[in-house]
Amino acid sequence: MTEMSKIVRTITSIAFPFAMIYGLYVIAHGHLTPGGGFQGGAIAASACAMILVAFGSKWTLNKIKEKGLSVFESLGAIGFIALALLGLVFGVAFFNNFLTGSNFLFGTIPATGSGLADINTGGVIPLMNFAVGLKVIVGLFVIVLVMAYASTSFKEDKK
Amino acid sequence: MSTRNIAAVIVFSVVAVFFIFTALLMHPFGMPDESDMDDYIIGNTQEETGANNGVTAVVFDYRGFDTLGEATVLFTAVAGVIMIFRRLKND
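Quick note, the sequences are listed as chains C and X, same order.
The first sequence begins at 1 in the working numbering and counts up one residue at a time.
The second sequence begins at 1 in the working numbering and counts up one residue at a time.
Read the hints as simulated data drawn from the structure, not as lab findings.
Please note that a few of the clues may not be correct.
Claimed, not checked - One side only, chain C facing chain X, incomplete, derived with CB under 8 Å:
hint: 1; residue: Thr2
hint: 2; residue: Ser5
hint: 3; residue: Pro34
hint: 4; residue: Gly36
hint: 5; residue: Asn103
hint: 6; residue: Gly122
hint: 7; residue: Val132
Stated by the list, open to error - With beta-carbon atoms standing in for the labels, derived distance ranges:
hint: 8; chain 1: X; residue 1: Arg63; chain 2: C; residue 2: Phe90; range: 48 to 58 Å
hint: 9; chain 1: X; residue 1: Gly43; chain 2: C; residue 2: Phe16; range: 47 to 57 Å
hint: 10; chain 1: X; residue 1: Ile42; chain 2: C; residue 2: Glu3; range: 29 to 39 Å
hint: 11; chain 1: C; residue 1: Ser114; chain 2: X; residue 2: Val9; range: 41 to 51 Å
hint: 12; chain 1: C; residue 1: Ser153; chain 2: X; residue 2: Gly80; range: 15 to 25 Å
Each residue gets a CB set at the ideal place from its N, CA and C atoms; glycine is no exception.
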């Protein structure tokens, strides 16, 4: 994929931070507002795909490292399973929510019924949201990036 | 009629009877009787998991294995896409 016109590139570089911040906000508030790791990750990955469409696959591949992408995706997957296994170690079962009501990170229990939201609640749910969000961002971006790069090199081979 | 056909007719009738009885015993549309699960989750989500968002609490706490499967599906999709396009590049 080649890069698009200067107008598209300028607007993309203005809009990218807002889309990225909105995706990270949806991930971080997954236990309070609608959304979560998968939905926020899809928003942030679409922001990365917007960069890819506007600037082209060659420019994007020069800016990022493939090693870093695989490290981040593995970090998300290992973090998710590690949190589930920690439930087995500190709690009673696989996927046990051992942080809830522990006065530690995210340990507060909110009052039953509607009320003001507190970010410091949810136990392991926010941490799992972060892990899944990281995995979804990198996974979807890698899918789009590999497709774009393969189509570029395939076209060059045909010439 | 061969034995095979007779066996097929018997199996078909038995399965059809089961389906008809199930259809007759179904609840009326939009009026579920067994809502114990819903009531339990709505009533106990906040004190049991500490999350205000009931849907996220179900996805990441009550049904954690489902999310693990979803993450595996995503990983498989990424691995498959990379495998297909890497081969196309080398040819």
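Now for the hints, and whether the structure bears them out:
A hinted interface residue such as C:Thr2 counts as satisfied when its beta carbon comes closer than 8 Å to some beta carbon of chain X; here the least separation is about 18 Å, so the hint is violated. A cut of 8 Å between beta carbons decides the hint on C:Ser5: the least distance to chain X is about 27 Å, and the hint is violated. At its closest, the beta carbon of C:Pro34 sits 7 Å from a beta carbon of chain X; the interface hint therefore holds under the 8 Å criterion. Here the hint on C:Gly36 is kept, as its CB sits about 5 Å from the closest CB of chain X, short of 8 Å.
Given the 8 Å rule on beta carbons, the hint for C:Asn103 is violated: about 12 Å separates it from the nearest Cβ of chain X. Because the smallest distance between the Cβ of C:Gly122 and any Cβ of chain X comes to about 4 Å, under 8 Å, the interface hint for this residue holds. A hinted interface residue such as C:Val132 counts as satisfied when its beta carbon comes closer than 8 Å to some beta carbon of chain X; here the least separation is about 6 Å, so the hint holds. Separation of X:Arg63 from C:Phe90 is about 20 Å and departs from the stated range, judged on CB atoms against 48 to 58 Å.
Between X:Gly43 and C:Phe16, the C-beta spacing of about 43 Å breaks the proposed range 47 to 57 Å. Separated by about 51 Å at the C-beta atoms, X:Ile42 and C:Glu3 break the suggested range of 29 to 39 Å. The hinted range of 41 to 51 Å is not satisfied by C:Ser114 and X:Val9, whose Cβ atoms lie roughly 59 Å apart. The beta-carbon spacing between C:Ser153 and X:Gly80, approximately 19 Å, falls within the hinted interval of 15 to 25 Å.
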